[in-house]
Structure formats: C-alpha cells, structure tokens
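Residues per chain, in single letters:
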Amino acid sequence: MNIVVLVKQVPDTESERKLVPGSGTLDRAAADGVINELDEYAIEEGLRIAQAHGGEVTILSVGPQRAAESIRKALSMGADKAVHVLDDGLAGSDALATSAVIAAALGQVGFDLVIAGSESTDARTGVVPAMLAERLGVPQLTQASKVDIEGSSVTVRRMSDDGYDVVTASLPAVISVLEKINEPRYPSFKGIMAAKKKPVQTLALADLGVSADSAGSAGSVTEVVDFAARPPRAAGVVVKDEGDGGAKAAAFLAERKFI
Amino acid sequence: MAEVLVLAEHSGSAVKKVTTELLTAARRLGSPSVVWTGPGSDEAKAKLAEFGAGKVYVAGGIDFDDYVVAPKAELLAQLVASVSPAAVLIAGSAEGKEVAGRLAVKTGLGVLTDAVDVAAADDGAALVSHANFGGSVNVHAKVKSGAAIITVRPNAIAALPADGTADLTPVEFAVSDAAKAAKVISREAAQKSARPDLQEAQIVVSGGRGTGSADGFHVIEDLADALGAAVGASRAVTDAGWYPHAFQVGQTGKTVSPQLYAAIGISGAIQHRAGMQTAKTIIAVNKDAEAPIFEIADFGVVGDLFTVVPQLIDEIAKRKG
Chain A
1 MNIVVLVKQV PDTESERKLV PGSGTLDRAA ADGVINELDE YAIEEGLRIA
51 QAHGGEVTIL SVGPQRAAES IRKALSMGAD KAVHVLDDGL AGSDALATSA
101 VIAAALGQVG FDLVIAGSES TDARTGVVPA MLAERLGVPQ LTQASKVDIE
151 GSSVTVRRMS DDGYDVVTAS LPAVISVLEK INEPRYPSFK GIMAAKKKPV
201 QTLALADLGV SADSAGSAGS VTEVVDFAAR PPRAAGVVVK DEGDGGAKAA
251 AFLAERKFI
Chain B
260 MAEVLVLAEH SGSAVKKVTT ELLTAARRLG SPSVVWTGPG SDEAKAKLAE
310 FGAGKVYVAG GIDFDDYVVA PKAELLAQLV ASVSPAAVLI AGSAEGKEVA
360 GRLAVKTGLG VLTDAVDVAA ADDGAALVSH ANFGGSVNVH AKVKSGAAII
410 TVRPNAIAAL PADGTADLTP VEFAVSDAAK AAKVISREAA QKSARPDLQE
460 AQIVVSGGRG TGSADGFHVI EDLADALGAA VGASRAVTDA GWYPHAFQVG
510 QTGKTVSPQL YAAIGISGAI QHRAGMQTAK TIIAVNKDAE APIFEIADFG
560 VVGDLFTVVP QLIDEIAKRK G
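Taken in order, these protein sequences are the chains called A and B. Take the first sequence: its position 73, counted from the start at 1, is 73 in my numbering, and no numbers get skipped. Heads up: take any position in the second sequence, counting from 1, add 259, and you land on my numbering.
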C-alpha cells in the first residue's frame, strides 16, 4: 500500500509566535520550527498500517527550506522517503491555495491512503484534509481516533460531539487523525542514522504544473487586513484557601451574577 | 439586499444556539436565509423567524447524517450558484469547518475560519475578527473578492432577536454518488447527559490533572451540575482516560468561549489556554500558587480542590435556597 503522510512544520507553541507586519502572514523565522503535533500521530499511524498491511510510507511536506528538518525527523521515525514542495512562490498561501498545491503533489506521487493531522497548531483552520478529499474526489475519513483497514475498505471512528461515528469507505481515501489514535514513537539512534540516507525529492511549483499566480499570496483569496497583540488578561484576585476558599469563590460568582 | 446563507446547526427540529448567533451575524451583512438539512424545519420555523431569518431553504428528504460532510457542502454549493449570496456562515465546529473547506474548493470562494466577530466593512463586504495563537493576537481578515465563507466560533457573538418571516422554501436537491463515498454505519454516543453542549454552554467547568483519577473527576461533574454548566477536561485528563476525549478543551481539543470558565486542578499550560482564553470570566482552583492559570484568572483560590470545590457546591446550593 502506498501511504502518504502530510507533515507541516509549525512554530513551537511554547515559543513566541508572531505575524509579519504588512502581510499578516506567519513569521516562520521568528520561532523554533517543529513537526505539527498531530502530524506525529499521522506518521505513527502510517507506519503502523504499513507494518500491518505492507507498503511504503512517503512524507509530503509543503514549506520553506527549514521544513527539511521536520522531514528528516519524520524519516527518522521510520518513513521510507519524502517529497518536499519548496518554492519561494508558496509564501503567503492560504488554506485553499495550499490544498491545491498538496493535491497536485499527491496526484504526482500517487497514493492509496493519505494521512494528515486533523489541524495544525499555528493556523488551526482544520479545513485542509476536507479540501483535499474534495479536490482528489476520494472519501473523507477525518477526525479519526481509530483506523482499521481490511482489504480495500477502511473504517474509522470519527469524533462526534458526544462520542464517535463509525464511518467506512473504499480506498483510496484521505484520513485525518486526532491525538487519541496512538502513541507516536521517538526516533531511535538507528532511525536517525538511516534517515540521513533516505531519499528526499524536492519539487517546485512548476514541477507540479501549478502556476505562480495560483499559489502564495497572489493565489490566495483571503487576506489579513490588520492585526494587533491582544492586551494580556489582567490577573485578578487570588486568595489562599484558609477554610473559606469555596465560600469566597461563591461570593465572587454571586457578585458577577453567575449564581 | 443580498442574501446571506446560514447553514443551520440543529438536532432534529431543535435549533442549536449557534444558529441564532450565525443569524445575528448574518444580519450585519445582508438578508439572512437559513439552509436546513433534513427533517424538522416546520417545527423550527418559529425559532428561525425570531432571529430574523427571511427564507429557509429546506432540503428535507435526505438524511444528511448518513454521510460525512460532503452532502452538506454539495447543497450549499448548489445554493451559492442559484442565490449568489453575499456570504455563507457556518458554525465553527470541527464538522462545520470541513463543510466550509469543501464548499471553498467547489466554489473557489475564500474561507475564513473560527471568526470571533463579523462586521460589514465600508464596502459592505464581510470583515472578520480572529483570535489567533490561543487568543494572543487579534486579526482582521477578509476575502479579496466574491462572497466569503465564514465559520463562526460558537458563543463568541451574542444572539439578538429580530423580526423575520422564515418562509420555508423547498429545494430540489439530490446527493451525488461521490458525496456518499464515506458512509456512517453506526453512532456511539457517550452516556447522554442533560448538560449543555460544551461549545454552546454559558458556563464551562473543566477539570485537570489535579483531580487525580476518574473517580476524583466526579467532583467536576458535581460542580458543573450545580452551576448548570458543561463539563470540560484538560488533555492530561483525557490522555489518562479519566474522561472522554470529546470533552477536551485546548489546542488539540475544543475551543470554548463561555461567559464563565472554571479551571479546576488545571495548571494552565499554553496548550490549554489556547482553548479557553476568550472566555469572558475565568476562575481557577489549584494547589500550586505558581500555576500559570492564576495569571489569567479573574478569581483564583490556592488550595486543595477536594475541599474548596465541595464547599463551593454547598454555597451555591445555599444561595439558591
């Protein structure tokens, strides 16, 4: 089975995340880059499926030069090879433009199963896996906390408001995963050494047949008008419980008319 | 005035609160028309009229819930083509965002997700406010041309009534075979509680690592019930299996924006704050005085949650008489 796992490099949530004045796009140089957390679960799930059913795991990442670090980490976890879509023309792509680039790359790489994290920690739009299913014309099995494959059919548990739905479809398909699906492995020393020799193919927009005016800021239909740091929340009153903490909390809630 | 399509969130004929919030936002951009999927529109008509719906497009004969997302996007795309709306408003749930994403691909229209406010710019187009990076940056965004597809965070916009007629307008619609590719074969609901929906609740009571166990977590449910609140949980709790994942608040869980958020035994790591920082009022109980949750709490108690919370519950009962 040909499994493609989508990996996005994002700024570390623990570091200070900024937008670029003017464009309002993410300042990717300002913070440490890490693999989007949910994508690690996607990688792990891809590796487990390949282990159980046979096949190859390809990492696909769209991003600037430094995304190569995240690709290498994904390979060190055990993926077989990678494709890095790298092009200056990608900067400023919104979700719709990004999904067009990813879909073009998937068309070229080929796939039986595409696995993504259900959202990224930076933009948190959560729309890209659904956009890909739509663009590729394949079933959408998103928000999955469990994936089972039997022959050419795939069944997932899809998170719902108060539990989950069991959803089934035929391969090829697009899956997105939640963090309850597995426990991602840490790269072993052997994995890290092996990753250095694994093939990473770099593709530019022209290689994918995507024109420059349909990617990046130029190809994006949304734009940031302005932005400003939100004033930090002022800390309120903190009391030490001396046998009356609950009563004091109740008094606060009463004063604010919650009780 | 151009129509603004509002995809109704509903459970049977019960209109979810976020739908009334969407209608309120839609009125700022044009004339709101509800898109109703499946049965129940007759019973819902009065409620939709109360919040200013002019028309209600009804695709009644189809069980949209049998398939994942795609049929709703298909219906909306058909209506976008026939109505040429000024904007399309969809609830900012995980599924709502997916509907919006598919609709954007079908129509080529821009999608703006997780709006915390919607206004009309000078030219009448939608100007959307986002609270990015866990609420640390306020961003205004818009689409460059055409109608905007906007998903709106539940509870962020206060619903206000307005006169509407909610004229039920049946729509000829058939789901394509392609949109039936992902089929729902069963549903497993956690024990159905009488508590409000997590993202729609006015008050959310969340428990964290400090509750210590699934058993310890019951005190969170007790406080929630005393306040008529929804229950939330930190990732530490759902990772440990003390409470279901569907109730996780934070970066990889749900984003909530209630009037009151009670963080009990939650330290307040940035990943958790990302899911609750736009709450209007925050209270916290934690035994560690250094916990970052106290930096953003309007009222905090440093103490053992197993003594503070039961006392709080008693006080609430007393005050209710």
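Since the hints were made in silico from the structure, they are not lab data. Glycine included, every Cβ here is placed at the ideal spot set by N, Cα and C. One or more of the hints may lead you astray.
Restricting the straight-line Cα-Cα distance to at most 20 Å, the calculated cross-link-like pairs of lysine to aspartate or glutamate (EDC-like) are [as the list claims (entries may be wrong)]:
1. B:Lys-442 to A:Asp-161
2. A:Lys-197 to A:Asp-112
3. B:Lys-513 to A:Glu-69
4. B:Lys-442 to A:Asp-112
5. A:Lys-81 to A:Glu-44
6. B:Lys-401 to A:Asp-226
7. B:Lys-539 to A:Asp-162
8. A:Lys-198 to A:Glu-44
9. B:Lys-577 to B:Asp-474
10. B:Lys-439 to A:Asp-112
11. A:Lys-18 to A:Asp-112
12. B:Lys-275 to A:Asp-161
13. B:Lys-403 to A:Asp-226
14. B:Lys-276 to A:Glu-44
15. B:Lys-276 to A:Asp-161
16. B:Lys-439 to B:Glu-549
17. A:Lys-240 to B:Asp-436
18. A:Lys-197 to A:Asp-27
19. B:Lys-365 to B:Asp-436
20. A:Lys-146 to A:Asp-165
For the chain A half of the interface with chain B, some residues (derived, Cβ under 8 Å), not all of them [to be verified]:
21. Arg-48
22. Val-109
23. Leu-141
24. Leu-171
25. Leu-178
26. Phe-227
27. Val-238
28. Ala-254
Structure-based check of all given hints:
{"no.": "1", "hint": "B:Lys-442 to A:Asp-161", "result": "holds, 18 Å"}
{"no.": "2", "hint": "A:Lys-197 to A:Asp-112", "result": "violated, 25 Å"}
{"no.": "3", "hint": "B:Lys-513 to A:Glu-69", "result": "violated, 29 Å"}
{"no.": "4", "hint": "B:Lys-442 to A:Asp-112", "result": "holds, 18 Å"}
{"no.": "5", "hint": "A:Lys-81 to A:Glu-44", "result": "holds, 15 Å"}
{"no.": "6", "hint": "B:Lys-401 to A:Asp-226", "result": "holds, 10 Å"}
{"no.": "7", "hint": "B:Lys-539 to A:Asp-162", "result": "violated, 25 Å"}
{"no.": "8", "hint": "A:Lys-198 to A:Glu-44", "result": "holds, 18 Å"}
{"no.": "9", "hint": "B:Lys-577 to B:Asp-474", "result": "violated, 25 Å"}
{"no.": "10", "hint": "B:Lys-439 to A:Asp-112", "result": "holds, 19 Å"}
{"no.": "11", "hint": "A:Lys-18 to A:Asp-112", "result": "violated, 37 Å"}
{"no.": "12", "hint": "B:Lys-275 to A:Asp-161", "result": "holds, 13 Å"}
{"no.": "13", "hint": "B:Lys-403 to A:Asp-226", "result": "holds, 14 Å"}
{"no.": "14", "hint": "B:Lys-276 to A:Glu-44", "result": "violated, 38 Å"}
{"no.": "15", "hint": "B:Lys-276 to A:Asp-161", "result": "holds, 15 Å"}
{"no.": "16", "hint": "B:Lys-439 to B:Glu-549", "result": "violated, 52 Å"}
{"no.": "17", "hint": "A:Lys-240 to B:Asp-436", "result": "violated, 62 Å"}
{"no.": "18", "hint": "A:Lys-197 to A:Asp-27", "result": "violated, 31 Å"}
{"no.": "19", "hint": "B:Lys-365 to B:Asp-436", "result": "holds, 16 Å"}
{"no.": "20", "hint": "A:Lys-146 to A:Asp-165", "result": "holds, 11 Å"}
{"no.": "21", "hint": "Arg-48", "result": "violated, 19 Å"}
{"no.": "22", "hint": "Val-109", "result": "violated, 20 Å"}
{"no.": "23", "hint": "Leu-141", "result": "holds, 6 Å"}
{"no.": "24", "hint": "Leu-171", "result": "violated, 11 Å"}
{"no.": "25", "hint": "Leu-178", "result": "holds, 7 Å"}
{"no.": "26", "hint": "Phe-227", "result": "holds, 4 Å"}
{"no.": "27", "hint": "Val-238", "result": "holds, 4 Å"}
{"no.": "28", "hint": "Ala-254", "result": "holds, 6 Å"}
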